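Student: Spelled out, the chains give:
There are 4 protein chains.
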Amino acid sequence: MIIVLKQGTTLEEKRKIIENVEDMGLKVKIMKGASQSILGLIGETAKVEESAFFGSPHVEKVVRIKVPYKMASRAFHHTDSVIRVGKHNIGDGSLTTIAGPCCIESREQLFTIAAEVKRSGAHILRGGAYKPRTSPYSFQGMGEEGLKLLREAGDQFDIPVCTELMSTDEFELVESYTDIIQIGARNMQNFSLLKKLGSTQKPILLKRGMSATIEEFLMSAEYIMASGNPNVILCERGIRTFENYTRNTLDLAVVCAIKELSHLPIIIDPSHATGRWELIEPISKAAVAVGCDGLMIEVHHEPDKALSDGPQSLKPEKFAKLMNRVRHIHDVCHEEKKTSDTESVAILHAVI
Amino acid sequence: MIIVLKQGTTLEEKRKIIENVEDMGLKVKIMKGASQSILGLIGETAKVEESAFFGSPHVEKVVRIKVPYKMASRAFHHTDSVIRVGKHNIGDGSLTTIAGPCCIESREQLFTIAAEVKRSGAHILRGGAYKPRTSPYSFQGMGEEGLKLLREAGDQFDIPVCTELMSTDEFELVESYTDIIQIGARNMQNFSLLKKLGSTQKPILLKRGMSATIEEFLMSAEYIMASGNPNVILCERGIRTFENYTRNTLDLAVVCAIKELSHLPIIIDPSHATGRWELIEPISKAAVAVGCDGLMIEVHHEPDKALSDGPQSLKPEKFAKLMNRVRHIHDVCHEEKKTSDTESVAILHAVI
Amino acid sequence: MIIVLKQGTTLEEKRKIIENVEDMGLKVKIMKGASQSILGLIGETAKVEESAFFGSPHVEKVVRIKVPYKMASRAFHHTDSVIRVGKHNIGDGSLTTIAGPCCIESREQLFTIAAEVKRSGAHILRGGAYKPRTSPYSFQGMGEEGLKLLREAGDQFDIPVCTELMSTDEFELVESYTDIIQIGARNMQNFSLLKKLGSTQKPILLKRGMSATIEEFLMSAEYIMASGNPNVILCERGIRTFENYTRNTLDLAVVCAIKELSHLPIIIDPSHATGRWELIEPISKAAVAVGCDGLMIEVHHEPDKALSDGPQSLKPEKFAKLMNRVRHIHDVCHEEKKTSDTESVAILHAVI
Amino acid sequence: MIIVLKQGTTLEEKRKIIENVEDMGLKVKIMKGASQSILGLIGETAKVEESAFFGSPHVEKVVRIKVPYKMASRAFHHTDSVIRVGKHNIGDGSLTTIAGPCCIESREQLFTIAAEVKRSGAHILRGGAYKPRTSPYSFQGMGEEGLKLLREAGDQFDIPVCTELMSTDEFELVESYTDIIQIGARNMQNFSLLKKLGSTQKPILLKRGMSATIEEFLMSAEYIMASGNPNVILCERGIRTFENYTRNTLDLAVVCAIKELSHLPIIIDPSHATGRWELIEPISKAAVAVGCDGLMIEVHHEPDKALSDGPQSLKPEKFAKLMNRVRHIHDVCHEEKKTSDTESVAILHAVI
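Which chain is which? The protein sequence lines are A, B, C and D, in order. As numbered in this note's numbering, residues 1 to 352 make up the first sequence, in order. As numbered in this note's numbering, residues 1 to 352 make up the second sequence, in order. As numbered in this note's numbering, residues 1 to 352 make up the third sequence, in order. As numbered in this note's numbering, residues 1 to 352 make up the fourth sequence, in order.
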């Protein structure tokens with residue numbers, strides 16, 4: 001961490017700031033510029049906040065050199081993390097597909113869709129029992145009854161299941177029924193909920209908040225990991241911008257960012273990112289081409305009757321076609337990646 | 001609500017959509033344009049979601065005419081809501097000031113600051129016992145011990161207190177100690193928490209999420225009101241934009257928007273909106289000039305040693321000066337408003 | 001266009017608004033709701049502005065049904081526009097690649113890079129002679145000398161060239177040397193410049209402004225087309241958001257939007273969209289997978305010595321590898337698209 | 001400027017980067033951290049771009065310490081710049097009001113409005129003769145005929161005039177008729193136009209682009225100043241965000257930012273910032289309370305018949321009332337500012 005002092009800071013004031021820093025267990029190096037001094041902080045700075053120094057009227061700028069997360073960081077864990085769910089691996093270079101209805105509405109609805117997505121090759125079945133709805137007057141989900149149906153469907157079709165947890169109150173309940181616990185975008189910084197997730201080892205699918213920076217996203221993963229659960233799967237679902245053609249603006253560069261900064265797998269949710277079923281196939285193909293570890297897609301056999309998010313649900317036959325197409329893209333990219341990796345190894349050898 | 005059908009929609013398809021609408025208990029009027037039909041939905045449309053119709057491939061656009069909130073809406077409650085806290089009224093045309101440390105750190109710290117803000121005329125004492133921190137490694141607040149200190153300070157200095165609730169787990173605890181329950185920006189759409197707030201009648205200070213639209217903000221107020229607690233105070237604290245000179249971008253027009261759309265009082269938090277203590281006075285003056293019902297300001301006697309948000313905390317003497325200055329602005333504006341109201345009445349009489 | 005009148009609008013006031021509308025040569029249909037009336041405007045509404053009605057205190061909402069652009073719209077020209085440049089077609093289903101240095105710096109630099117990109121299969125050579133730089137102290141380009149070098153390189157390597165026009169002052173000069181005229185993001189709403197482009201038939205590469213909506217983007221294309229030049233190629237280069245990991249946030253859904261709303265070809269500029277050379281390959285693959293008509297990529301043989309945008313320039317060998325990889329993605333997607341089209345025809349026949 | 005090198009950079013690579021820096025005429029200081037080195041660049045860094053170093057694969061971060069503008073910076077010119085227009089001073093602590101129609105439509109329209117705004121105490125008359133319109137089919141302004149009317153109105157009512165310049169083509173024409181040349185938000189980075197403005201000494205009113213950072217805003221002012229014209233008045237008119245209740249989101253903190261970073265005066269345009277006449281008075285009061293140097297307000301006697309921007313135009317009687325009210329706010333704030341300044345002087349003396 002670097003602290004830029006304001007022009008005109010006296011020796012006495014500088015000394016005080018240095019003492020403050022040393023009280024935090026850090027060492028300080030000083031660089032004198034033409035008109036300003038710069039302090040370099042050496043030590044365990046990941047846990048120090050920039051704002052700790054901003055209270056001082058003599059500090060002009062604080063620049064973080066090391067990232068503020070540790071366990072989520074690539075520096076902490078060099079190889080990609082692979083998260084196991086049932087017999088399926090997420091993050092091992094394969095393409096994971098999570099599919100199912102936005103909202104569990106009935107046994108018939110869930111089982112119809114489950115059969116279809118399983119047949120098309122989906123690896124995990126999704127379905128909401130507790131739904132975060134903007135309006136208190138909208139359908140809020142079937143609750144425990146929905147969880148039971150989901151568990152049953154998972155067992156019958158031999159497919160792991162994933163459902164959203166909205167509150168610490170329902171943690172034990174949801175955890176007991178599901179294989180993956182999903183945390184929605186609106187709860188990405190619900191820190192009480194994040195901490196609670198440390199008490200299970202079941203994988204957590206953490207969605208990026210709609211205006212969260214990549215650093216905040218990884219800090220929320222860090223909360224879960226620091227609480228005791230290393231099994232975090234990140235999920236990008238679009239950010240909010242001025243452009244309203246799509247429901248959100250999908251930021252695909254985040255896949256590259258996460259691959260550089262972290263070892264955690266990242267999947268893309270094109271359904272929420274676009275809000276329009278016609279865009280799900282092209283955007284899914286783009287997501288796979290950019291290198292994501294998986295896709296999360298809403299499927300409904302009667303989207304015009306869906307109780308939630310009908311406009312962004314694919315019909316089963318469209319989903320089947322999409323599965324084929326994204327697999328082709330994945331195959332092409334995967335083949336090339338293997339070649340690149342061999343090249344990298346070759347270069348490495350040459351260097352040594 | 002208006003539904004614009006796509007060009008080329010057949011009579012049969014149109015009939016089906018109309019049946020769907022009528023099944024919701026609504027009436028339909030049809031307007032035929034040159035190439036497209038438009039359906040007008042008449043009835044209780046506040047509870048109908050736009051997305052309910054988007055699943056159909058024949059629907060081009062859905063336009064809401066009536067707002068989706070009811071209890072929070074100005075149409076539902078024509079006169080301004082006044083929220084009583086102890087002996088103080090919020091929303092009655094006076095200027096309410098909530099002040100205190102971001103975070104309760106110790107008895108000495110809290111009581112020193114409480115004495116100062118009370119002396120300067122603050123109406124409510126704030127202080128965080130549970131703190132939502134981006135990093136799991138940052139100080140997370142004193143918890144119940146902090147709540148006890150806050151209650152004690154409130155009693156000793158005869159000033160109502162306000163503190164943040166982060167989780168349903170701590171609802172009973174926090175509710176038992178505080179006079180106003182604050183819900184932070186990151187929890188604005190924590191719907192489980194919002195619903196829980198219906199089980200008290202204590203006022204709720206609801207902060208706007210950092211990327212929430214005004215409609216979403218009022219829908220979150222609606223959640224609390226629909227759950228049984230009408231005592232909601234709105235609080236704007238800046239939205240996230242591309243501009244980083246300030247921590248957030250304060251959207252002061254929201255005060256005008258809320259006054260038009262809702263009857264609830266709205267206060268401004270210039271501390272979080274700017275993140276810089278030098279800006280708090282000018283921005284507070286602007287907030288009062290635009291017509292807000294109050295201000296929420298962080299005060300710390302030793303901001304460079306604050307455990308949280310030091311850079312945006314005012315020293316007590318600066319706060320005292322600010323209090324005088326915003327009162328002057330409020331007096332000028334209030335005087336004029338009374339004149340305007342008399343004028344309006346005069347005009348009204350003339351019309352009748 | 002639909003006008004929603006406020007509750008309480010008198011018959012007399014309504015009559016006046018209707019007269020205003022009829023004076024514009026439009027017909028009006030009226031729909032009475034439970035508490036509000038809605039006017040439907042029928043006729044040539046593309047040229048009417050929403051704001052024309054907002055001056056009235058009785059108008060609550062104005063909703064446009066038809067898009068405000070005509071010549072750029074898919075409704076006006078059903079099949080995809082194909083723009084011819086030399087012997088190359090843009091928008092015919094093939095993948096066009098435009099490559100070269102950000103800035104022309106010297107004959108040696110330009111010719112070295114031109115040879116390389118031609119060898120790798122690029123279809124068009126780019127190079128800036130007039131550079132829009134944020135700072136007046138940055139290198140502003142070689143001017144006419146640069147244009148001459150670009151023309152010479154194009155002729156020598158038998159490749160059409162593309163360069164940016166910044167001002168009407170240099171229109172004749174730039175137009176005389178280049179095959180495609182590029183309009184930068186900062187000039188997307190430089191309306192004087194757009195009008196001037198109507199006096200040539202050379203293709204215009206129009207970049208989206210960094211905070212332009214898709215509608216504004218197409219309206220700027222409309223300016224050029226309405227002035228007499230139908231040969232517009234759209235180019236997305238990222239929009240400005242709160243996220244700063246990349247220079248801009250690339251909005252790939254814009255490709256789907258443009259394909260739906262317009263007949264014009266759209267290409268993607270991953271160099272400006274990301275600002276980082278490591279991201280150009282993955283983002284290019286995503287852009288091709290989503291269905292864009294081409295890519296515009298900055299290439300430099302010595303990026304650490306480039307006078308502009310070095311960090312986002314690919315070295316020639318990386319560019320060669322990228323060309324192969326995006327071609328694979330394009331082949332996979334193109335093959336599938338042909339199948340889809342055949343299917344669509346089949347379905348169409350079945351319907352008839 | 002600080003360069004943070006990546007972990008693992010070799011001595012040889014570090015030496016090369018240092019040589020590059022020294023070739024730019026800068027000195028380098030080195031600080032070694034636990035795992036990374038940091039280079040401090042000393043000298044004329046304002047003219048060096050961050051991106052110059054990003055081409056190197058060994059550079060992790062580049063942090064600017066000094067601002068990249070010089071003539072526009074407070075460090076270059078400590079006291080506030082006062083811009084003289086006719087007999088009126090802008091930036092001397094008084095409140096300047098610029099008022100008039102968005103668009104000059106006819107002699108009768110302009111003279112009616114000019115008489116009204118002059119009577120209410122406006123200092124400068126505005127009116128557009130060349131209008132930047134999103135649609136090529138909208139009224140584009142009266143051109144030279146409009147300029148003549150504006151000049152005539154200015155002379156008859158003894159009030160300086162201000163009008164927008166859109167293109168270098170019309171520079172001589174516009175410059176010959178107007179007292180202040182306005183550059184619109186969409187042309188803030190039309191660098192050819194900015195450079196041209198150096199050939200006059202008439203004041204330039206430079207509007208902030210709708211997604212321009214404060215640094216980019218000041219860099220555009222720097223373009224004009226570096227070209228030879230120091231008389232720049234900045235104007236904030238709202239930025240584009242996700243919130244659509246108002247046309248733009250007014251960022252009032254920019255006034256504080258500009259006062260800290262620059263010596264140039266800054267005025268606020270509440271008409272474009274909000275797009276709604278009902279908000280103009282409250283937002284104007286806020287703008288004055290925060291400390292701006294002036295207001296630019298659209299006035300029209302028949303806003304429902306205005307050819308442009310009717311919804312955001314005030315009627316003359318509302319404008320007259322607004323003038324009184326903002327003057328009251330200004331008086332209160334100005335009185336206090338004088339007291340503060342005296343205090344500052346007192347403190348200064350004490351320090352010496």
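To be clear, the hints were calculated from the coordinates, so they are not data collected in a lab. Do not take every clue at face value.
[Claimed, not checked] Derived contacts from chain C toward chain B, CB cut-off under 8 Å, selection only:
hint, residue
1, Val4
2, Lys6
3, Lys29
4, Gly33
5, Gln36
6, Ile38
7, Thr241
[As the list claims (entries may be wrong)] The calculated label-pair distances, taken between Cβ atoms and stated as ranges, are:
hint, chain 1, residue 1, chain 2, residue 2, range
8, A, Lys202, B, Ser176, 53 to 59 Å
9, D, Asp155, C, Ala75, 32 to 38 Å
10, B, Thr79, D, Glu144, 42 to 48 Å
11, A, Arg84, D, Pro57, 40 to 46 Å
12, D, Glu13, A, Gly121, 44 to 50 Å
13, D, Phe111, C, Ala75, 50 to 56 Å
14, A, Leu173, B, Thr10, 32 to 38 Å
15, D, Arg84, B, Arg84, 40 to 46 Å
16, D, Phe76, A, Glu50, 26 to 32 Å
17, B, Gly121, C, Met24, 53 to 59 Å
Quick caveat: nothing in here was measured; it's all calculated off a predicted structure. Don't be surprised by glycine CBs; every beta carbon is placed ideally from N, CA and C.
Student: Tell me, in ascending order, the numbers of any earlier hints that this structure violates.
Tutor: Those not satisfied are hints 2, 8, 9, 10, 11, 13, 14, 15.
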